[in-house]
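Model the full structure from these sequences, guided by the hints.
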Amino acid sequence: MKIIEKDNMLIIEDIKDFNTTHIFDCGQCFRWNKEEDGSYTGVVSGKVINVSQLGTKVIFDNLTLDDYHIVKDYFDLDTDYEKIKEKVSTDDIMKKAIDFGCGIRILNQDEWETMISFMISANNRIPMIKKVIENLSCKFGNFITSYRGRDYYSFPTPEQLAEAPVDKIIECKAGFRAPRIKDAAERFLNERDTIYDLKNKSYQEGLDYLKTYSGIGDKVANCILLFSMKQFDTFPVDVWVRRVMQTLYVDKDTSDKEIRRFAEEKFGDFSGYAQQYLFYYARELNVGKD
DNA sequence: TCCCAGGTCCTGA
DNA sequence: TCAGGACATGGG
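Sequential numbering of the first sequence, starting at 1, is according to UniProt numbering.
Don't read these hints as lab results, they were simulated from the structure. Possibly wrong hints are sitting among the right ones.
Said to hold, decoys possible - Derived pair list, reagent style DMTMM-like, types lysine to aspartate or glutamate, alpha-carbon separation capped at 20 Å:
| # | residue 1 | residue 2 |
| --- | --- | --- |
| 1 | K47 | D73 |
| 2 | K266 | D91 |
| 3 | K57 | E86 |
| 4 | K83 | D17 |
| 5 | K2 | D17 |
| 6 | K85 | D37 |
| 7 | K182 | D167 |
| 8 | K83 | D14 |
| 9 | K72 | E13 |
| 10 | K57 | D91 |
| 11 | K47 | D66 |
| 12 | K95 | E205 |
| 13 | K230 | D110 |
| 14 | K57 | D73 |
| 15 | K83 | D233 |
| 16 | K266 | D37 |
| 17 | K72 | D37 |
| 18 | K201 | D110 |
| 19 | K85 | D17 |
| 20 | K85 | E205 |
| 21 | K16 | D110 |
| 22 | K173 | E191 |
| 23 | K2 | E82 |
| 24 | K47 | E186 |
| 25 | K219 | E205 |
| 26 | K47 | D99 |
| 27 | K34 | E284 |
| 28 | K87 | E205 |
| 29 | K182 | D193 |
| 30 | K85 | D269 |
| 31 | K2 | D73 |
| 32 | K201 | D269 |
| 33 | K219 | D238 |
| 34 | K57 | E13 |
| 35 | K96 | E171 |
| 36 | K168 | D193 |
| 37 | K87 | D193 |
| 38 | K182 | E171 |
If you want it as structure tokens, here you go:
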């Protein structure tokens, strides 16, 4: 892997297991938008970044070498995905799913943003989730900059959402989730340290803590643990994962809890990665629907 | 009009 | 512990 800085761009050559489409469209993040040229623009650590890819060359626009640590951490660039794919390739189904979603990386997202984003995901569609998050950012976040003719705002801080009236959060189309979002923001102000320390705690400890929030159940808690707290031994079960699992692995009437147990036993410490490959595979190919 | 979405909460067995 | 209905919102 070679890193070059040029004209406010960071260019990484010979990158392995990195595919922008698969990374941004596999449902783990909601703030990246595809540009007309096929690149993606999003907000990370309060910075607007554009990512484009040509084979094994990835270009991060609007970024300097001083900020390399931001993308290194966010895109998990130090992790060897060859090893992960090897561990997860336990059967022909997984081999197919990995082949299909090759280049997926599990991003290291901010805990606070991930908590609120997945609370919004409950009983919601991905385009709508993105819209609500965008509305919240425009209304309560800070203006960052204009990029390619579009205005970008930071994700609102806990303070900004704690101060927001519930009816203004409802105006962002958050629906019945609005009071839960406000409650979470108010709690976060006092429990910030506990939350940012969960990545150092056990999976079970994190799960139990997160589920004390109104609006965070098993599925959402597992997504938060996986996508922002480096807990990879978890297997969040949503409608798509339920479908693909019931179609390819277990009986039709298997409960979500049993599916999760089955998968966590099968994939162990790599359950989260397996789940992402399966989710993307199921959703893109409509596995189990109809 | 009805069904459904990266579910959760509440109620009643 | 578990099944079943309610819950905002918008697209198909």
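Cross-check of the supplied hints:
Distance check on the hinted pair: K47 and D73 sit about 14 Å apart at the alpha-carbon level, within 20 Å; holds. Only pairs whose Cα atoms come within 20 Å are accepted, and K266 paired with D91 is accepted, the gap being roughly 11 Å. This hinted pair does not check out: K57 and E86 have alpha carbons roughly 24 Å apart, beyond 20 Å. At most 20 Å may separate the alpha-carbon atoms for a hinted pair to count; K83 and D17 meet this at roughly 11 Å.
Distance check on the hinted pair: K2 and D17 sit about 15 Å apart at the alpha-carbon level, within 20 Å; holds. Proximity of K85 to D37 is assessed by CA-CA distance (about 30 Å); at most 20 Å being required, the pair is judged violated. For the hint linking K182 to D167, the alpha-carbon distance of about 10 Å falls within 20 Å, and the restraint holds. This hinted pair checks out: K83 and D14 have alpha carbons roughly 18 Å apart, not beyond 20 Å.
A threshold of 20 Å between alpha carbons decides the hint, and for K72 with E13 the separation of about 14 Å falls inside it, so the pair holds. Of the pairs offered as hints, the one joining K57 and D91 is violated, with about 31 Å between alpha carbons and a cut-off of 20 Å exceeded. For a cut-off of 20 Å, the pair hint linking K47 to D66 stands: about 13 Å separates their Cα positions. Of the pairs offered as hints, the one joining K95 and E205 is violated, with about 32 Å between alpha carbons and a cut-off of 20 Å exceeded.
Using a Cα cut-off of 20 Å, the hinted pair K230 and D110 holds, with the two alpha carbons roughly 11 Å apart. For the hint pairing K57 with D73, the CA-to-CA distance comes to about 18 Å; that is within 20 Å, so the pair holds. About 16 Å separates the Cα atoms of K83 and D233, which keeps this hinted pair within 20 Å; it holds. Distance check on the hinted pair: K266 and D37 sit about 40 Å apart at the alpha-carbon level, beyond 20 Å; violated.
A hinted pair counts as satisfied when its Cα atoms are at most 20 Å apart, and K72 with D37 does not qualify at roughly 24 Å. Pair hint K201 plus D110 holds up; C-alpha atoms about 16 Å apart against a cutoff of 20 Å. Proximity of K85 to D17 is assessed by CA-CA distance (about 10 Å); at most 20 Å being required, the pair is judged to hold. Taking the CA atoms of K85 and E205, the gap is about 27 Å. The hint is violated against a cut of 20 Å.
Simply put, K16 and D110 have alpha-carbon atoms about 24 Å apart, too far for the 20 Å limit, and the pair is violated. Of the supplied pair hints, the one linking K173 and E191 is violated, its CA atoms being roughly 27 Å apart against a limit of 20 Å. Distance restraint check for K2 and E82: the Cα-Cα separation of roughly 18 Å lies within the 20 Å cut-off, and the hinted pair is therefore satisfied. With a CA separation close to 25 Å, the supplied pair K47 and E186 exceeds the 20 Å bound.
Taken as a hint, the K219 and E205 pair is honoured in the structure, with Cα atoms around 15 Å apart against an allowance of 20 Å. A distance of roughly 32 Å separates the Cα atoms of K47 and D99; the hinted pair therefore is violated under the 20 Å criterion. As the CA atoms of K34 and E284 are separated by approximately 17 Å, the hinted pair is consistent with the 20 Å bound. Of the supplied pair hints, the one linking K87 and E205 is violated, its CA atoms being roughly 25 Å apart against a limit of 20 Å.
Between K182 and D193 the CA atoms are separated by roughly 19 Å; this keeps the pair inside 20 Å, and the hint holds. Restraint check for K85 and D269: satisfied, since their Cα atoms lie roughly 12 Å apart, inside the 20 Å limit. Straight-line distance between C-alpha atoms of K2 and D73 comes to about 16 Å, which keeps the hinted pair within the 20 Å bound. For the hint linking K201 to D269, the alpha-carbon distance of about 15 Å falls within 20 Å, and the restraint holds.
Of the pairs offered as hints, the one joining K219 and D238 holds, with about 7 Å between alpha carbons and a cut-off of 20 Å not exceeded. Only pairs whose Cα atoms come within 20 Å are accepted, and K57 paired with E13 is accepted, the gap being roughly 5 Å. Of the supplied pair hints, the one linking K96 and E171 is violated, its CA atoms being roughly 42 Å apart against a limit of 20 Å. For the suggested pair K168 and D193, the alpha carbons sit about 28 Å apart, so the restraint of at most 20 Å is broken.
Proximity of K87 to D193 is assessed by CA-CA distance (about 33 Å); at most 20 Å being required, the pair is judged violated. Between K182 and E171 the alpha-carbon distance is near 13 Å, which keeps this suggested pair within the 20 Å criterion.
The structure fails to meet hints 3, 6, 10, 12, 16, 17, 20, 21, 22, 24, 26, 28, 35, 36, 37 from the earlier list, while all remaining hints are met.
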